[in-house]
Structures are given as C-alpha cells and as structure tokens.
Amino acid sequence: MSSFKTSVMFFRCVNMSAPQHPHLPGKAATPGAGDFSYVGIDAILEQMRRKAMKQGFELNIMVVGQSGLGKSTLMNTLFKSKVSRKSLVSTPEERIPQTIEIKSISHDIEEKGVRMKLTVIDTPGFGDQINNENCWQPIMKFINDQYEQYLQEEINIDRKKRIPDSRVHCCIYFIPPTGHCLRPLDVEFMRRLSKVVNIVPVIAKADTLTLEERDSFKQTIREELRANGIDVYPQKEFDEDADDRMINEKIREMIPFAVVGSDQEYQVNGKRLLGRKTKWGTIEVENIAHCEFAYLRDLLIRTHMQNIKDITSSIHYEVYRVRRLNETNGQPNGQFSVLLFFPLTHLHCPVKQQCGVEQL
Amino acid sequence: MLTSFLCTHTQTCTSLKSILFGRIHLIQKFPCSKGHGLFSTSIRPNVTLMHKGPCSTVEKGARAVPLAGHVGFDSMPDQLVNKSVNHGFCFNILCVGETGLGKSTLMDTLFNTKFEGEPTQHNQPGVQLKSNTYELQESNVRLKLTVVNTVGFGDQINKEDSYKSIVEFIDTQFEAYLQEELKIKRTLHSYHDTRIHACLYFIAPTGHSLKSLDLVTMKKLDSKVNIIPIIAKSDAISKSELTKFKIKITSELVSNGVQIYQFPTDDETVAEINATMNGHLPFAVVGSTEEVKIGNKMVKARQYPWGTVQVENENHCDFVKLREMLIRVNMEDLREQTHTRHYELYRRCKLEEMGFKDTDPDCKPFSLQETYEAKRNEFMGELQKKEEEMRQMFVQRVKEKEAELKEAEKELHEKFDRLKKLHQDEKKKLEDKKKSLDDELNGFKQKKTAAELLQSQAQQAGGSTTLKRDKERKK
Numbered sequence: 001m002s003s004f005k006t007s008v009m010f011f012r013c014v015n016m017s018a019p020q021h022p023h024l025p026g027k028a029a030t031p032g033a034g035d036f037s038y039v040g041i042d043a044i045l046e047q048m049r050r051k052a053m054k055q056g057f058e059l060n061i062m063v064v065g066q067s068g069l070g071k072s073t074l075m076n077t078l079f080k081s082k083v084s085r086k087s088l089v090s091t092p093e094e095r096i097p098q099t100i101e102i103k104s105i106s107h108d109i110e111e112k113g114v115r116m117k118l119t120v121i122d123t124p125g126f127g128d129q130i131n132n133e134n135c136w137q138p139i140m141k142f143i144n145d146q147y148e149q150y151l152q153e154e155i156n157i158d159r160k161k162r163i164p165d166s167r168v169h170c171c172i173y174f175i176p177p178t179g180h181c182l183r184p185l186d187v188e189f190m191r192r193l194s195k196v197v198n199i200v201p202v203i204a205k206a207d208t209l210t211l212e213e214r215d216s217f218k219q220t221i222r223e224e225l226r227a228n229g230i231d232v233y234p235q236k237e238f239d240e241d242a243d244d245r246m247i248n249e250k251i252r253e254m255i256p257f258a259v260v261g262s263d264q265e266y267q268v269n270g271k272r273l274l275g276r277k278t279k280w281g282t283i284e285v286e287n288i289a290h291c292e293f294a295y296l297r298d299l300l301i302r303t304h305m306q307n308i309k310d311i312t313s314s315i316h317y318e319v320y321r322v323r324r325l326n327e328t329n330g331q332p333n334g335q336f337s338v339l340l341f342f343p344l345t346h347l348h349c350p351v352k353q354q355c356g357v358e359q360l
Numbered sequence: 001m002l003t004s005f006l007c008t009h010t011q012t013c014t015s016l017k018s019i020l021f022g023r024i025h026l027i028q029k030f031p032c033s034k035g036h037g038l039f040s041t042s043i044r045p046n047v048t049l050m051h052k053g054p055c056s057t058v059e060k061g062a063r064a065v066p067l068a069g070h071v072g073f074d075s076m077p078d079q080l081v082n083k084s085v086n087h088g089f090c091f092n093i094l095c096v097g098e099t100g101l102g103k104s105t106l107m108d109t110l111f112n113t114k115f116e117g118e119p120t121q122h123n124q125p126g127v128q129l130k131s132n133t134y135e136l137q138e139s140n141v142r143l144k145l146t147v148v149n150t151v152g153f154g155d156q157i158n159k160e161d162s163y164k165s166i167v168e169f170i171d172t173q174f175e176a177y178l179q180e181e182l183k184i185k186r187t188l189h190s191y192h193d194t195r196i197h198a199c200l201y202f203i204a205p206t207g208h209s210l211k212s213l214d215l216v217t218m219k220k221l222d223s224k225v226n227i228i229p230i231i232a233k234s235d236a237i238s239k240s241e242l243t244k245f246k247i248k249i250t251s252e253l254v255s256n257g258v259q260i261y262q263f264p265t266d267d268e269t270v271a272e273i274n275a276t277m278n279g280h281l282p283f284a285v286v287g288s289t290e291e292v293k294i295g296n297k298m299v300k301a302r303q304y305p306w307g308t309v310q311v312e313n314e315n316h317c318d319f320v321k322l323r324e325m326l327i328r329v330n331m332e333d334l335r336e337q338t339h340t341r342h343y344e345l346y347r348r349c350k351l352e353e354m355g356f357k358d359t360d361p362d363c364k365p366f367s368l369q370e371t372y373e374a375k376r377n378e379f380m381g382e383l384q385k386k387e388e389e390m391r392q393m394f395v396q397r398v399k400e401k402e403a404e405l406k407e408a409e410k411e412l413h414e415k416f417d418r419l420k421k422l423h424q425d426e427k428k429k430l431e432d433k434k435k436s437l438d439d440e441l442n443g444f445k446q447k448k449t450a451a452e453l454l455q456s457q458a459q460q461a462g463g464s465t466t467l468k469r470d471k472e473r474k475k
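Chains as they are written, first to last, in the UniProt record's numbering: chain A, 1 to 360; chain B, 1 to 475.
Heads up, some of the hints might be wrong.
The list that follows gives simulated cross-link-like pairs (lysine-lysine, PhoX-like), each with its CA atoms no further than 20 Å apart [as the list claims (entries may be wrong)]: (1) A:51 - A:112; (2) A:51 - B:83; (3) A:236 - B:83; (4) B:144 - B:114; (5) A:161 - B:350; (6) B:350 - A:195.
Calculated from the model, a selection of chain A residues having no Cβ within reach of chain B, i.e. all distances over 12 Å [to be verified]: (7) 76; (8) 83; (9) 176; (10) 216; (11) 222; (12) 270; (13) 288.
If you are wondering where the hints come from, they were derived from the structure by calculation, not from laboratory data.
Since we're looking at a predicted model, the values are computed, not measured.
Glycine is no exception: its CB is placed at the ideal position from the N, C-alpha and C atoms.
Okay, chain B solo, but in the shape it has when bound:
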C-alpha cells in the first residue's frame, strides 16, 4: 500500500497539499539506498523522517548523506571561533565569603593581575556587592571580566539577611537580561552580559564543618548560580585535617541538598579530568601575589618562618586545579549552564509569576502576545473602572462639601438675623427709655414752669400778704 501511495506521488501532490498544514508543503521521500526496499514517508511539517538505514549517525529527522569529496564546511568551527574572537568574551565571577578570607588576593592570583582596591573594613552595616569590570587580553582573546565581591558578608551580629542582598543582586542581573530579551527593538548581539557565571564560595578554614551561615547562603544560591565551594587560606590546615574537612563539607552539602556545580562529564575529551576534579571538591586554595625565589625560579608563594607555601605546587594546595577547572576547561560550560539552566529557570518563574501560561488546556498554546493582549485589555478595563470610581468619589466629595457650605451659610444667616433682632430689641429698649426720660423731662419741665408760676404768683400775693402782715403788725 505504501509503495503504491508513493508511486502516485505526482498526482497526489496537489491533494496532499490541501491536507497539509498550510505552512510548508513538505513531501519527503527517498529511496533507501542499498536496496532496503522500504519507503517511509511521514507527512508532518518540518522534517521528521524516520529512516532506518545503514548510513552512520542518523539524527532523528534528517537522513545522513555521505560526501563524495571535500566540501569545506569543516571550517565552520573556525568561522564561529573567529567571530567570537572578534566579538570578545565576557565572564562574571561572584566571590562570596567573609571578610578577610583572601577573596581579592585569590582573584589577583588567578588572573595574574593586580585588581583594584584596598581590603575592606569589618564594620559594614549590611552586605553590599561591589562589582568591577576589567578588560583582559591574552594572545588574541579579549575577555571582559567582572569580579563581584561581597563586602561585609558575615560581619554583622545578626546575619539573617546576609544572603538576601546576594540573591537580589543575582536576580537583578537576570532581570536586566530578561528585559533586554523582551524588548521589541533589542540588541542582544552587543549586549554586555552581566549575569553571574560562577560563584566562588569561600569557606573559612576552621577544620571542623560548614558554618550555618554558609549552609543557608549556599542553599539559597544553588538554584541561581553555579556554586564552586573553595576552602580559603588552606595553608592553615594540615593535610590530614584537610581530607577530613573536605569529607565533612561534602557530606554536609549532600545531606542539606545543596547543589554545587559539577564539572561536566559528557564530553569525552574532558570527561575524565572533570570526573577526577569533581572528587577533589571543594578545592583548598592559597592565594598570593608575592613572588619568592625557589631554586632558580620566582614562584608565587607565601613565605613563613617554617617554610614556603607555593601557590602553584599541587602538593601544597589545589590552586592549579581551581584555575584549570574554572578557566582552562570549563569556562564555556559555566556560561552555558548559566544561560540554559539558571536563567531559563528564572525566566520561567518570572513569567509565570506575571501570569503567563504556555498552554491553554483546550487546544493550542497561548502566545505571549495573546496573553499580553488579554492582560492589556484587562488592565485598560481596570484602569477605566478606577477612573470612574475616582470620578464618582470626586463628585460625591464635592457634593458633600457643597452641602456643608450651604449649612454654614444658613447658619450664618440665622446668626445674622438673630443679631439683628437683638440689636433691634436693644434699640427699642433704648428708645423706650429715652422716651420715658423725655417724658420725665417734660413732666419736670412742666412742674418747673408750674412751680415757677406758682412761685411768682405766690410772690405777688405774698407781697401783698406780707404787706398785710406788716400792717397788722403795725397796728
């Protein structure tokens, strides 16, 4: 049946087209070489040919084709590398550890340069992160190295929130990248990636076990960044104590479920060395930028009265291993893990938090766009509703105030009326009094005139009477 179907390929072409999903008209069939006689066609957009054949390395999808000569695309890795060289690389390391554990010195030793800075004081109120970017160049490779230091870690009396600023910092870098990635007009090509690729966690060389601050911090960081724990200032620990210390640390990490970065063992070229190194974690390092003459060479070392600790001597410390793993073998893998695992996790959480989903339970996956549209409409609707609400409230308040004012006005009027009335009453009273006073005055005047008249009359009569009286007397 299959063969007959395929032989009529030319005729069925048009009808198949109508069945196919509109995007790509994809009809692939091929005679299997070496005479298997098996035809297989799968009609699905975008490849996926199931081909069982004698050809080597068949990827799921395409068929393997032997080349009859030198084509030349083996220069592809070179082209890719050239492009990267022209573009430059960037690498960001975060150093977490208590003050005084030799973080800056170790960075100096690792990269063979004197980075900035004086040692920090112990009296910082909180944990801050200071980041510095340097441009290094070695042969033709330009590296933009960013070293982030935790300042004041472990110095406070209450260390509960120490890890928070670190987590925040890491999240901010992810956020910046996410924002850039989601921009409409974006320039990912020339974007300076500030995401932390590796976190070196400095463990104090107590010789016993991890501090609880260490455990808590590492637990919070392990899902956000590649953690490489190292034992700092390890020249303070003797060899035997060191092995016990390392075992204790690893077991504590395992029992607390802290996921530290494992060097990848899937690529054969480096699988072996990576696997060995995984067993040496955490690395016990010593950093030094001073050089001491040993034999006839100048080596980086720390000189004590009882001997000299050579930094690059494998018997003395694991510095070489750290440099090997961090820079020379796994730098690219660290960057890739950061991008594909930690950043993706952050992105997924962030987007889900904002309410996006990938698939609708019914049918096809939502696109971010549709969700965005829906959200936008929702947002606009809410905005309008709030506007309405505000407007209503405003109107109501105005009404209230108006009523209040009217009340006050009325009151004032009343008061005015009352006062007026009072005033009038007073006035009336006063007038009454005045009137009575006037009356009195008038009465008095009348009496006075009457009295005067009487007096004048009486005087006249009195004159006569006095005369009469005088006469009588004279008599």
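Isolated chain A (complex conformation):
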C-alpha cells in the first residue's frame, strides 16, 4: 500500500523545534549541564501530546447525497476500512427508504498509537423522493439534537469529565456530476446547512467528467455558491491570520473537490493501488492527476481536522447555544448571563431603605 507522505501543501509549517525530552534524573543526564537558560516550558507540548494520545480523538462526519453517488464507497476509501453502513448490511437488496433516515455508526480506529473514534452518519433517502421538499429538516433536526445533547450535558451540575462529543463536525455534500450547475435542491440544502455545520461539497463520481468539463463545472458551482451567499468550509470569515488565509484561499480555489472512490486494489505499474478499472484505463484514486481525492483526504484528515472541530465547537455550537438560551430567556439582548439572579439572596434588605418612606 503506497503510503502518502503528509501533503505539505495545506500544512501550515510551524517551525517547531522538537521539544527536548525532560531531563530525567537517574538517566545519566548531568544535572544542570549547560542547562542554565533552559527552563523547560516547551516540554508542555510533549505533555499535551501524551495527554491527547491517551484520550484519543473523536470525529463525526455526515455524508449527504442522493443514493448511488458513491457516499459509502468514499467513506471506505477515506478511512481505508469498511466504515460505512453499506459494508455492514449484509442483505443484497438495496432499498430506497420512504423518508430520510439518519444512521450513525461508530468505529474505533487506530494508527501509530493514535486512537480515534470515528462516527459516520449516513442519510439514506435524501433527495430520493419525488417530492423532496423539506428533506433537509430531519438532517437539521439531527444536527441540532446533537448540539442540544452537548448543551444539556454541559449545563448539568454534575457533569462528566469529558463530555462525549457527538456533534457533527463536518458534512460532506455530494453533488451529482451533471456538468451543468447546481440543482435547486443542492442550493437549498447547502444554504440552510452552511449556517449550522461545516459543509464540504464534493463532486461525486468525477470520473464521468473530463478535465475541462470538471473545471467549468467547478467554476459554475463556485459562482453559484457565491451568488447564493453559501459559505462552505473553509469559511472566509473564520480565517485567523494571513497564513491561514493564504492556505485557505488555495483550498477555496479548488472546492468542490472532484472525487472518485474505490475500495478495490488493482495492479498499476507494479504497485497495488486503489482504483477503478475500466476498459479504457484504470483510474487511480490517490493520483492527483486523475482525481482530487487526495486533496480531500488531506484537507479532512491530515491538516484541517482540528480546525474543523474547533469551528464546530467554538462557532456553530456557540451560535446554537446563544439562540437556545435566548429562546427560553425571552431576553432580546444576548449579553445577559444565564443566571441573572445572584441578587436573589440580597433582595430582602435594601429595597425598603431606598424607598424613602421614612422621610415623610
């Protein structure tokens, strides 16, 4: 299996000198030798890393798109294992559900000591009915329910050490490769959902488009997104600094990624590669000349995963929280604290004195 080195393209190169390992006395390190100015603050990086490895990570990805666009295959390709619903269902018949269902499956995967709990949320039935009105509603409800659950746990008095994070971090939206423009369903869905979750649009089954068609399709899609005010990940407004903006601009010029998924390996040039074999050639999934799967994978997993999670927790979740707390408060001004009544205990005394009744 060809192992891809970390793509440097999207990775912000932080010049991180490897943290010196803590001087463990008893390990033959001469105490104080040349160590005057070295306090050891940067050892905290190592400590954080250790803690992170011990705790493990969580990632929740939702895939949305019409049936037959290769969602499950793409998930399997992304994580190089059978993580999708399709692989688990053993029944041969494929049934298109009458209404949208939301199916969530969790997996524990581990790589080089890093453990991750990956949850793939599938939405079979999206866009498959004749009348697709409001098909985004169950999805929005699901996403908001996850936020709600997190909020409830956070508000508890006795709360867990680590609140289990089931919030949807990223939603991959599959655009069918028509080559023309976005359909009204796509626009509607993305418009609504880009406000609550990070959306990454991809062009599914991109092996049906030639390179020129692909480029013009992408151009059209980008224009339409801009025209409709849809902010997909990486959102312009959340760029933190110039470096970020530079990297993200490059990404923004490439979305939506045209991907091809496959979980079968073929022999190409003496190597075994994931690909799709056709009569006219073999499409290598991880070859950037063929499709942009590698970019998607790098974006999602290798470089921007933490950023995606951060945006979910510090922006989308906070927006939900503000809205929710304001609803029950009835306060128009969001500046009030949830607990307005600290003065409840002080209520008894000062009121009478201030009344000035005594002065009559």
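Given chain A, put chain B in place with the hints provided.
Okay, now just chain B, sitting in the frame of chain A:
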C-alpha cells in the same frame, strides 16, 4: 430469534423508527468478522454496541476496525499541538508562605528571569495577594505566566484570618471563570484563564514540624487547589535533619487529612518518575539568582564562607526535582486537575448553593433552564409581592400623616377660637370698664355742673346774705 429479527431488518426499519426515541434513528448491526456468528443489536440512541470480537482495543461503544493503509490521522496530535502553540499557554502559580522565605527568589530561579518587585516589609496589617503576569517564550512556546504572591502572610499577631484572603482569591478566580462559562455570548476560546493551577506552599525550615498556621491553611486550601509543599531555604537544615523533617511533615499532613497534589502515575511514560518524586515530597529547595564560578562554569549558587550551595546540584537540594515536576513533566496535568477536579467541585457547590438541582426525583433531569425559569418566575412573583407591600405601606403612611395633619389643623382652629374668645372677653371687659369710667365721668360732670350751679346760686344768695350780714353788723 435474534437472527430472524435481524434478517427482517429492512421491513422492520420503519416500525423500529417509530419505537425509537425520535432523536436518532440508530440501527447498527454488523456481521461479526471471523465468523463468530453472533449478531448483537442494541437499539439505544447513540451507539453503545456491545461487541465481543477478536479486534483489539474495543472501547465500550464502537467496534474496532483495522485499517488497510495509511490514512493519516496520526497527525492529529500534531494538529492539536500546533493549534495550542498558536494560541499560547497560560499557567498560574500561587506562592503561599511567610514573608522572607524566598518565594520571589525561587520564582526567579525557576523561570530564569528577574521578575519584579522589592522584598516586602513585615508590617502588613493583613494578608494581601499580589498577582503579576508575565509573557515568557521559549523556542516557539509562548507562556502567559501569572505569579501570585501572598504579602504579609504570617506576619500578624493574630493569624486566624490569614487563610481567608487566600481562599477568597482562589474562589474569585473560579467565579470569574464560571461567570464566563455561563454567559450567553461567551468567548471561552480567547478567555484568559486566571484560575490557580498550582500552589507552592513554603514551609519554614525549622527542622521540627509544621506550624499550626501551615496546617490550618493547607487544610483549607487542599480542596481548592493543587498544593505542592516545599521546604524553603533548606540550606539551613542538615541532611539528616532534613530526612527527619520530611518524614515528620508527611506524617503530619497525612494525620490531619491534608490532600496534597500527587504526581500522576497512570501514564506509563512518566509513572515511574512521578512515583519516585511522590516519595521525595516535600521538596527541599534553595533559590538563587546569583551565579558563582565552580570549576569552569557559572552556576546558580549561594556562597557561604564554609562552602557553596549549588542550586542545580541534586545532592545539595531538590530544586531540579521541583522544576522537573512542576514544569517539565506535569504542567499539563496540573492544569487539567484544576479544571476537572477543583473547578468542577467549586461549580457544583456554587450551583447547588444557588438552588439548582440536577435531577427531579420523579423523572427526567431538570435542565438549568427550567430551574432558571422557575426561579425567575418565583423571583418576579416575589418582586411583585414586595412592590405591593411597599405600595400598601406607602398608602398607609400617607393616611396616617394626613390624619395627623388634620388633628393638628383642628387643634389650631380650636386654639384660634379660644384666643378669639379670650380676646373678645378682654374687649368686653375693657368696654365695661370704659363704660363705667364714662359713667363716672358723666356723674362727675353732672356733679360738677350741679355744684357750680349751686355755687353760683350760693354766691348770689351769699352776696345778699353777706349784705344782710353786713347790715346786721352795721346795726
């Protein structure tokens, strides 16, 4: 039965949906690989699959899946670390100890910088806490270090309340964080965390035992902050005395139930060293910022006529151990303990104090919101009641005053009447008198006129009589 149930998965999908709790339609089943032939389905929202399988490291919940190639998420710790580096770290240390025990010097030595300040006087009236924040940077790590010093600790004659200002300070920091966390529009991401992560408790090097002030203070602080006791100015104690001193201190702490911070031993990489260090507590330290030439190097040391105490020499003092444990190995753990244990405890107590509960004995847990609503209504009701009360009282007072005023008015009227009457009486009397006077006057006048008349008559007659008399005489 189980298998048949699962084979009809497709048909039961819709009916199961109606049974499920509305939130997530979660149906998970999977053929157990390697042919166990066991299906297990649990239908509960949010995962919890019970799967017994040959796969390694099965967490409760998800199934473990082997990867067929390099995916790349092993860069996650790097991403996380990068983010933290960009964001910066913050660390807050509280130094508690009597004046003159070398707290500031030790901080200077630990972090290799000259922090501010002149030594404090001994005549402070109460214990105050002075906090200073510094931005340190080492390689690419930026640290916002806050050092809080207790000023005047142990200097008063009556030290009963010494610990109170410290506890108050710590609580204030927790409170600030709690307030920020409970705000509706909050910015936890960029919030400058001022909660105390570590408390270095400086024990005076008497060589005997802990002072009672120390015991009391530490007992009050142990549930609020991570306490690391250290023996200050330990070059005043000899080696043998030191071991006895340490044993005495630890036994006193244990017998009084003081929970000092234990270095964590659950992570294999550092378990061993932490365990050893736990046995060396309390650390006997010497601080110095002056450098002395030993051999051909300049080392931090204190020079005496009888020798030089090298700060970074492990045989001389435990400074290196302290630096190791505090900064290089456990800084992150200290921060985590503060957040997950001490802060949570504070939060729980505070919220319970304010009257929130988590669960209703009947059924589902209360949300903070509902409790808040209830409290709010209660509050509004009380407010209205008080308003009413105030209004009533006001009205009543007004009435009273009015009555009083009426009374006064009436009185005044009466008085006026009385005075008038008096006046009239006087007047009448005077008139009477005048009348009588007039009468007298009149009478007198009459008498006078009568007398005059009489006199004039008498004169006439008298003239004649006198004539007569004269005649008689002449005769």
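According to the definition I'm using, a residue is off the interface if its beta carbon is farther than 12 Å from all beta carbons of the partner; does residue 176 of chain A meet that for chain B?
Per Cβ check, residue 176 of chain A is outside 12 Å of chain B; nearest 25 Å; holds.
Beyond 12 Å from each Cβ of chain B, as asserted for residue 216 of chain A:
holds, 31 Å
Residue 161 of chain A paired with residue 350 of chain B [C-alpha distance capped at 20 Å]
holds, 18 Å
Checking the smallest CB distance to chain B, is residue 222 of chain A really beyond 12 Å?
holds, 26 Å
Pair hint outcome, residue 144 of chain B versus residue 114 of chain B [Cα-Cα no greater than 20 Å]:
Answer holds: residue 144 of chain B to residue 114 of chain B is near 15 Å, not above 20 Å.
Beyond 12 Å from each Cβ of chain B, as asserted for residue 288 of chain A:
About 15 Å separates residue 288 of chain A from the closest Cβ of chain B, which puts it past 12 Å; holds.
Is the nearest Cβ of chain B still more than 12 Å from the Cβ of residue 83 of chain A?
violated, 6 Å
So residue 270 of chain A supposedly isn't at the interface. Is its beta-carbon more than 12 Å from every beta-carbon in chain B?
At roughly 17 Å from the nearest Cβ of chain B, residue 270 of chain A sits farther out than 12 Å, so the non-interface label holds.
Between residue 350 of chain B and residue 195 of chain A, is the straight-line Cα distance small enough, at 20 Å or below?
Violated - the C-alpha atoms of residue 195 of chain A and residue 350 of chain B are around 35 Å apart, more than 20 Å.
Against chain B, does residue 76 of chain A keep a CB gap of more than 12 Å to every residue?
violated, 9 Å
Are the Cα atoms of residue 236 of chain A and residue 83 of chain B separated by 20 Å or less?
holds, 18 Å
Quickly compare the C-alpha distance for residue 51 of chain A and residue 83 of chain B to 20 Å and report which way the hint goes.
holds, 15 Å
When the structure is compared with the earlier hints, violations turn up for hints 6, 7, 8 and for no others.
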